[in-house]
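Student: Using the sequences and the hints given, assemble the complete structure.
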Amino acid sequence: MKILVAVKRVVDYNVRIRVKADQTGVETANVKMSMNPFDEIALEEAVRIKEAGKADEVVVVSIGPSQAQETIRTGLAMGGDRGILVEADPDLEPLTVAKLLKAVVEKESPDLLILGKQAIDDDSNQTGQMLGELLGWPQGTFASKVELGDSEVSVTREIDGGAETLALNMPAVITTDLRLNEPRYAKLPNIMKAKKKPLDTLTPGDLGVDTAHRLKVVKVEEPPKRKGGAKVGSVQELVEKLRNEAKVI
Amino acid sequence: MIRDQETLNQLVDTISRFVRERLVPAEEKVAEDDAIPEDILQEMKDMGLFGLSIPEEYGGLGLTMEEEALVAFEIGKTSPAFRSIFGTNNGIGAQGILIDGTEEQKQKYVPKLATGEILSSFCLTEPDAGSDAASLKTRAERDGDHYILNGTKRFITNGPHAGLYTVMARTDPNNKGAGGISAFVVEGDTPGLIRGKRDKKMGQKGAHTCDIIFDNCRVPAENIIGGKEGQGFKTAMKVLDRGRLHISAVCVGVAERLIEDALHFAMERKQFGQPIAEHQLVQAMLADSKAEAYAGRSMVLDAARRKDAGENVSTLASCCKLFCAEMVGKVADRAVQIHGGSGYIQEYAVERFYRDVRLFRLYEGTTQIQQIVVARGMVREAQS
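First to last, the protein sequences are chains A and B.
Under this note's numbering, the first residue of the first sequence carries the number 1, and numbering increases by one thereafter.
Under this note's numbering, the first residue of the second sequence carries the number 1001, and numbering increases by one thereafter.
Quick caveat, the hints were computed from the structure, so don't treat them as lab data.
Just so you know, even glycine gets a beta-carbon here, dropped at the ideal spot from N, CA and C.
Please note: incorrect hints may appear among the correct ones.
Heads up, incomplete: computed chain B residues facing chain A, CB under 7 angstroms, no partners named [stated by the list, open to error]:
id, residue
1, Thr1007
2, Leu1011
3, Ser1016
4, Phe1018
5, Met1047
6, Leu1061
7, Thr1064
8, Ala1134
Tutor: So this is what it looks like as structure tokens:
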């Protein structure tokens, strides 16, 4: 069985995000970049499935600039077997990413596709769902538990007010939530060996996908600064303020 | 020398993240329990931290000196106790066998040191032989195909836990100097090797030292490092050479951590209506610390690059150890000063680091010994 994991290179979660002066986006020049944390969870799950003897190969795919190779190498150090980079513009739209991944899936024919539920840069939370639809595969999103059967996979999803367990026929798309697992630190000798694992590079042209933007970013702004709160003396005062000042009830 | 920038970046990133996410949050517990938790120790072994400087053919990473320095900067950013537990396998505990050991000795022991399966210790210091190491009294007498060791070794890092000891002992009783000393590999379960009571130290809780007593301890003759008598002191000095650069890099890392803590505190703490980081006298302390830590970082990298290029860096390594150990002492002192009364309270990490860093000026050659090495090196060079 083959598992394909999609990983995205994003601004490291420890970095304080700064908006570019011209408000066209966020500053990424000279900023530390890392693998999207949800994608680390996706990769960890794939590697665990392989280590349990239920998969033969884990392929790590990234779509982005040539530096995304580093993100793939991180994935290979964590236990991926080989990598594929689709070299493209870093700010592709989710639908374009889904189309590119679909084309990779058609080349690779994996049995399972695992993605992070969203990337921490734009928090779109769309690619996995769009990909499931484009492929016509069943999808289990926000997975907090994954159990592999012979021809189906059981996915426990985090939903409002509880958990829902689905049985998906394979091939299937899974997107991962925070509580699925705790990703490992790559072993240092494996980081040294990752350099020797195969990594292929493709272009959107090779995959026959048009990457033209369909959405236009009008403006990117800092969220408004939080103002200080106020203490209230009684429930009556609270209700009065909520009704007349905040106008929320 | 950096062999592959991209791989090294990943290595340093991974270690830096492990330090930040796993080790820093455990610092207080380690200090309180005077022990590194088993699960963290296992993670450190799994990661490969015990084999950083051990060549790849023996299961380590084979880092160059420059790469090792860059890694040590990151490791310095947490309690030195963590480094201490894997420090001996990378440094003084393994290097003797690696530098001067026979191929059989390397094959037999080094792979187990690289994985952390066994811990190692370096036994040079004695109750009456510290800085004057060549005067050591531990005896090794030939008896058939064995040597019989008798004597006491002091302040042995990882002594209570090690499974392998590199022991300097006098094989020639008629030669009271360095030439009468040989180095032995002694396995931890050898009868007659007795571990003393753990020392109660000022700081670095979680890292343990003790006396190692040899009481008619029979060691196979093939365990003499390099197979030859009289080479032990030279081996010991070569081992310390590499270690001095490593320790210097750790000092730089600790200094950078302390500056970060002090800066963070100074920006939060308000007095006279503004953060104390706005006060010029506090700024002076921050700036001096920053400049000195930067000088330390720069000199360690320079010396490391020269060592990788094949230069003899004995004098420079001692310059680094001398400067960086004193530097981190000053930086820790200022960090406590910037914290004010809070810096004297255990709730803040600077109180603990202040005690921890005191050791850097003492071990692997005191500051005064480094001064002598540097000055003698200068004179020697001028004469040649």
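Student: Which constraints among the numbered hints does this structure fail? Numbers only, ascending.
Tutor: Result: hints 3, 7, 8 break, sorted rising.
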